[in-house]
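Participant: Protein chains in written order, with numbering that gives the first Met the number 0: chain A, 0 to 428; chain B, 0 to 428; chain C, 0 to 428; chain D, 0 to 428.
The set of hints was computed from the structure by calculation and includes no laboratory data. Any given hint could be a false lead.
List time: in silico SDA-like cross-link candidates among lysine to any residue, alpha-carbon distance up to 25 Å [said to hold, decoys possible]:
(1) C:302 / B:363
(2) B:251 / D:302
(3) C:251 / B:251
(4) D:251 / A:73
(5) D:302 / A:207
(6) B:251 / D:255
(7) B:251 / D:252
Only some residues are given here: those of chain B computed to face chain C with a beta carbon under 7 Å [what the hints assert, rightly or not]:
(8) 245
(9) 248
(10) 360
(11) 384
C-beta atoms are modelled at their ideal positions from N, C-alpha and C, and glycine is treated no differently.
Number of protein chains: 4
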Amino acid sequence: MTATQWTAAALLQRYDEVRSHTERLAAPLSPEDQTVQSMPDVSPTKWHRAHVTWFFETFVLASNEAGFAPFQDQYWFLFNSYYEAVGPRYNRAERGVISRPGAHDVGLYRGNVDARMQDLIDGLDQGTIDKVAATIELGFHHEQQHQELLLMDIKHVLSLNPLRPVYGGAPAPLVDTDRMGWVEVEGGLVEIGHREGAGFSFDNELPLHQVYLEPFRLADRLITNGEWLEFMADGGYRRPELWLSDGWAQVKTNGWAAPFYWSDYDGVWFEHTLHGTFPVNPGLPVSHVSHYEADAYATWAGKRLPTEAEWEHAVRTDTGDAAEPHGNLADTETFHPRAAEPGNGRLRQVYGDCWEWTSSAYLPYPGFHPAAGAIGEYNGKFMSNQMVLRGGCALTPPGHARASYRNFFPPGARWALSGVRLADGGAPA
Amino acid sequence: MTATQWTAAALLQRYDEVRSHTERLAAPLSPEDQTVQSMPDVSPTKWHRAHVTWFFETFVLASNEAGFAPFQDQYWFLFNSYYEAVGPRYNRAERGVISRPGAHDVGLYRGNVDARMQDLIDGLDQGTIDKVAATIELGFHHEQQHQELLLMDIKHVLSLNPLRPVYGGAPAPLVDTDRMGWVEVEGGLVEIGHREGAGFSFDNELPLHQVYLEPFRLADRLITNGEWLEFMADGGYRRPELWLSDGWAQVKTNGWAAPFYWSDYDGVWFEHTLHGTFPVNPGLPVSHVSHYEADAYATWAGKRLPTEAEWEHAVRTDTGDAAEPHGNLADTETFHPRAAEPGNGRLRQVYGDCWEWTSSAYLPYPGFHPAAGAIGEYNGKFMSNQMVLRGGCALTPPGHARASYRNFFPPGARWALSGVRLADGGAPA
Amino acid sequence: MTATQWTAAALLQRYDEVRSHTERLAAPLSPEDQTVQSMPDVSPTKWHRAHVTWFFETFVLASNEAGFAPFQDQYWFLFNSYYEAVGPRYNRAERGVISRPGAHDVGLYRGNVDARMQDLIDGLDQGTIDKVAATIELGFHHEQQHQELLLMDIKHVLSLNPLRPVYGGAPAPLVDTDRMGWVEVEGGLVEIGHREGAGFSFDNELPLHQVYLEPFRLADRLITNGEWLEFMADGGYRRPELWLSDGWAQVKTNGWAAPFYWSDYDGVWFEHTLHGTFPVNPGLPVSHVSHYEADAYATWAGKRLPTEAEWEHAVRTDTGDAAEPHGNLADTETFHPRAAEPGNGRLRQVYGDCWEWTSSAYLPYPGFHPAAGAIGEYNGKFMSNQMVLRGGCALTPPGHARASYRNFFPPGARWALSGVRLADGGAPA
Amino acid sequence: MTATQWTAAALLQRYDEVRSHTERLAAPLSPEDQTVQSMPDVSPTKWHRAHVTWFFETFVLASNEAGFAPFQDQYWFLFNSYYEAVGPRYNRAERGVISRPGAHDVGLYRGNVDARMQDLIDGLDQGTIDKVAATIELGFHHEQQHQELLLMDIKHVLSLNPLRPVYGGAPAPLVDTDRMGWVEVEGGLVEIGHREGAGFSFDNELPLHQVYLEPFRLADRLITNGEWLEFMADGGYRRPELWLSDGWAQVKTNGWAAPFYWSDYDGVWFEHTLHGTFPVNPGLPVSHVSHYEADAYATWAGKRLPTEAEWEHAVRTDTGDAAEPHGNLADTETFHPRAAEPGNGRLRQVYGDCWEWTSSAYLPYPGFHPAAGAIGEYNGKFMSNQMVLRGGCALTPPGHARASYRNFFPPGARWALSGVRLADGGAPA
């Protein structure tokens, strides 16, 4: 959570950019679309729009605005997601039964908070900015996370509708891909985590610490749909010896036989995307697979998933510290991962296609301490039963990804835009 | 399902009345309100509006319209409720995840079917009318049932919203009620069921048949909130000996301690209604209690619930065959049951306040045969694990109730607008 | 619950007969067999043995024995089944986790209570006998009910064991059966219920009351396995139009495709019985079908199930009031229903083969009042969500069945030894 | 899985020791006790006895015995625990419904396999011994794991019995404990894992590899019941800020308010143990707490749990490589953890009291590869959603614990004999 040096003008401009991007993403969605919660993990669009607004109201305005009063008392309760310290929360699984405030009312809420935030920032002297900018900047990145979730969530909502609604964008042409290559990485005692002065990070990327790595190899691109079809053809979903025990239990209980959004129509695999339902495109990265599937694929391929430290070190070695060296994020042409460009001996598809499952459980770095107060509930308390994903995806907003970023989901989650990059080697001699 | 003698003009007029009443009921509800399914038993408002339209399209237009084509193929699937014979059905519990067609699209669907129905009826000769009128009339009564359900369902949706939204209407003044009296009814071999020539009925009200009754007494009004508070104060919800075994299990599992929509705020009982949340009004009929609660109350009071035959016979004896003798149905001033008028030795609150639980399981009358084809799925297949309710309620549309009408819900259901009338006597000498 | 006139000697003799029959039934079962609870509806054998003993201790000894003290305080709690008035109960679904007291300890408990009961009865004068005999006689019939349940329950326990253990008995030879005939029954106003002076009955068989019946026909024997195979071959388990809605839901949820204990091995249907697993014998009555299946079969056959009043009236008309006119109960040669004897114009297989599903919900007779106190919980509180079965079965102990006996199970229950007898006619003219 | 050098005589002697220890542990348990499965995680005693026998039959006899035939075909299916490669498995959660084979039959099975194993080993030349000894030795350690589980499982079974049965042993006197001290450990690049030549290990302890550690401190003893009572008194189970999110969800869902086997009788905390139910002894280590509780306690105390690498390195530094330096395992006097001896600047209670939760997820070591074939399913496939525990406990058999041993349970598990040791420091400068 180290903050950049901000001025009021820069804060105002960034505030406007981030906030208006959310509204652009919600614009194609009807009030009815914005109301639905299709499963407990999914939140309604209008809830996302309101919750990120609540964040600014609660963590910035409440403690900095003169004569603060909440826009609406009840919103305090409705749009708290998981901050136990702020007070009682509305049950996550029941967000979809709340028809009011409607999409338009949420727009009024956003407008009100935006005006108050702009007034607030406008009136701050630099000394106060230095104190509050970190929280405002956290609000930017928080809202960006929800921009990504908003798209993942509405993708699920629309997937259940027999009318096959389209969110937006157009499909990529049918493509194939060149052979996967490997990037060799030297091991040793390496530094992992966010570096001082390198811009924003979440608290879970800290502290910077040392990890010992054996030499290893990292695949230079993501696994494709075409490769995944080979795994399926070879009985990938029917062979228990390939799977973690909990993963195999899910295969059997849920009848997994293909990635999350694939459906078989008369022997042809189709994929639901935000731009519609189309035959599976073999050259695109496989997406919406769980950690269990990624791990089983790696076992089948005689390889493994990388640890998060391997991933981070390889990316830094390959690209330097630049935040988004391959930064083709937030593809608004397809809202979907893209085919890899031709191989050039370096890592491809690092940030803008699929979040990449690692073999690392989401645990605190040595010496990690969450921030004090409610803000401290941001990350640390989720460090249980989740696996780390690295990189970014086609729905990640510009400026949001970086080498030290730690995303996380439970190993059975499939509605996130997740994919697979293999690793190899790393055994001690 | 005996039909009245219809002319095209009369059918058209009635069609227009029934259809426009549905839209009037939906008018106060936003697109978001119309989308929510708050529990599996509840359907979204826009689903109700579309499903009753689907009924006319499927059972009238499909077999009578020249060059019939459905308005939208997928609607065929989405808005079928339980007619297995018509094809696969969309899972009831997942109606709330379908954001499209939206409320406006459903309006277009309704307009299209209305125009086609009007064209169809306009062009029919009397001979054809005589053949199709029964199905169209069934469609009227079907839509009326859903008008009532639409209100019961949205009442539940709004009840979960911490903003306490109001559907419409205003509260009644605080009232008290005179003492409950008894109407004595002679027994003997009596006729039960719908009589030839008495207008429309559903198939489950047939055949007319004989039942032997011992003499008994029926309460002249419904049990009030005030009387229910006495039951509660006397440990009604804590004494297993008052309860059916399945009912007691629900008390314990669900923590029942008061009627469905009552909440205790700082020691005062409030009730959620369609006109808002107000302190419990002691003189109004108690409502939204399950069969189990009604039965436990009767046991506590040293009385019992009437059988459906007793109820029907008592009402006929008291009021003659007039369909709605006390017909203060569909109260659009409060959308809520009203206080009983002063006693006059006859039955009060028969039709327009609360559906009344009986002690009769919902079973076929002797010689009952469902109609052939999909229409035959209307009633008969639900004759299991449900209890009969008689009368009508404050949400029942005008012209919909009658003495032989058999409503039914599972004994644990509480979201229906149900109340309690006691019986006594009836034991053989 | 009307009692016979008893003497001490007769009571002692009957006590010994009933109690030792239970032990004979448990004798083939190991301590391990007697411990298992294979599903919540099933109770362990040693629990049955202890619970019927607890009944005598609680309802007879506690109020009549001088210086009464329970054999073991904790047993008071462990072996109460559903008598809320007696105190807290041990959770029914967890009877299978109680390893102690073991089977041998339960034997000691039985011996202790037997000795005390014998002492008690021995010392009673006739006046006291006249007061307590009704409760002791209720204890006999209560224990007989559990004898039947003990066998139904252990049948289920053993059915889950891949070793295919045998309880006892030998299979009947392969048989076929003559054509089903019909017995015509005149209707009218008839008396239903237990008659004064006709020996013991449970409270739910009272009061004697009048019911009006249209003329009808009752099948002269039960439906056979062979006939059931025709139903299956004609898609009986795949055609929703044959089923009650709740029944069809169970077909789909539970994958019902044959009676409960049937399994398909390489295209041949086998049936698990207490005497082992054998190919389905076409001439024997079909058994272990739910009410839903019985109802669907009747619909498929163009017939219906009888009401309980029709069944009782037909049996009385056919056989007079004799308790067990066809009394081939408790078949210890096969522990299984037997083939019908050749038709002779009268009802066959009335008592000793399968309990017969009726179309009547289990509800109180007009004027029914449960007994006061804990004993009053015997029957009345179960009058919800259950269907009545009439007759008796091959596991019913001798002397336990009669024309007015009302057995009851939920409509989806299949582990009881239930079968199907059809009715026809009965429609009002 | 590195094997020691074995001779036939040594193998035979060890075989006899391990096998007869299992029977000694089962001896106090009745056939009924041995049959019960009190929850899905628990296995019946007779299942443990049979399953460890099945292991020798399947993995040793089947491939080495001339003319091999299984003792009983069906046992092949019934006593396979999780080896998918061996064939279909019997559903874990239903082990408690299998009454046969009974406890005595399982004894016969054990006797048969023992005789065949002894014959086999007797007849082997040294070359063959060198090949099969590794699998036989794995069987010894497998059986020892089940000896520990057998006791943990029967502890749970007996805990549900209102008769409060005792397994064996006597309580320790009431004790208090001296203040917890800290052992300082230097960090650096350290070796973790099982060392070549140091006797047996499971595959999950390999490969030996390097880990970088910052300097840290490890508590010199376990947290006591007395200290846990302070945590409870300070609202430990009521303060969400102390808990991981998944842990807090379990607190609320399951109503956790104290360790697993504690019950409050009239304001005094009692603890269920294998030697009976007694008031909580403040000086004994707290036991049967989940990872979530251990983590919340550490947060409350301003400390943290150690990583598994920290634990292993600290123990090696403190004690050298000796397998069981503090080896007071398998306490048959109390079957319960004991009070710490007075502090002496070194680590106390390392092996014989409670398994110690670490902050490490159970994941493969760098370069880990499971063995080929069914044996390869031993450990690797469970590396998901579990946390590592280190040390050993009062139920661990002698010779079974070592510094590199990795035990694992899901973070919510409480029926294992688990406790808490704190760590501190370790942050990078």
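Participant: For every hint, state whether the structure bears it out.
Facilitator: Quick rundown of the hints versus the structure:
1. C:302 / B:363: It holds: about 14 Å lies between the C-alpha atoms, which stays within 25 Å.
2. B:251 / D:302: violated (42 Å)
3. C:251 / B:251: violated (30 Å)
4. D:251 / A:73: holds (24 Å)
5. D:302 / A:207: holds (20 Å)
6. B:251 / D:255: holds (20 Å)
7. B:251 / D:252: holds (17 Å)
8. 245: Residue 245 (chain B) check passes; min Cβ-Cβ to chain C is 5 Å, inside 7 Å.
9. 248: Check failed: Cβ of residue 248 (chain B) comes no nearer than 10 Å to chain C, outside 7 Å.
10. 360: holds (3 Å)
11. 384: Hint holds; residue 384 (chain B) Cβ to chain C Cβ min 6 Å, cut 7 Å.
Comparing the model with each numbered hint stated earlier shows that hints 2, 3, 9 do not hold.
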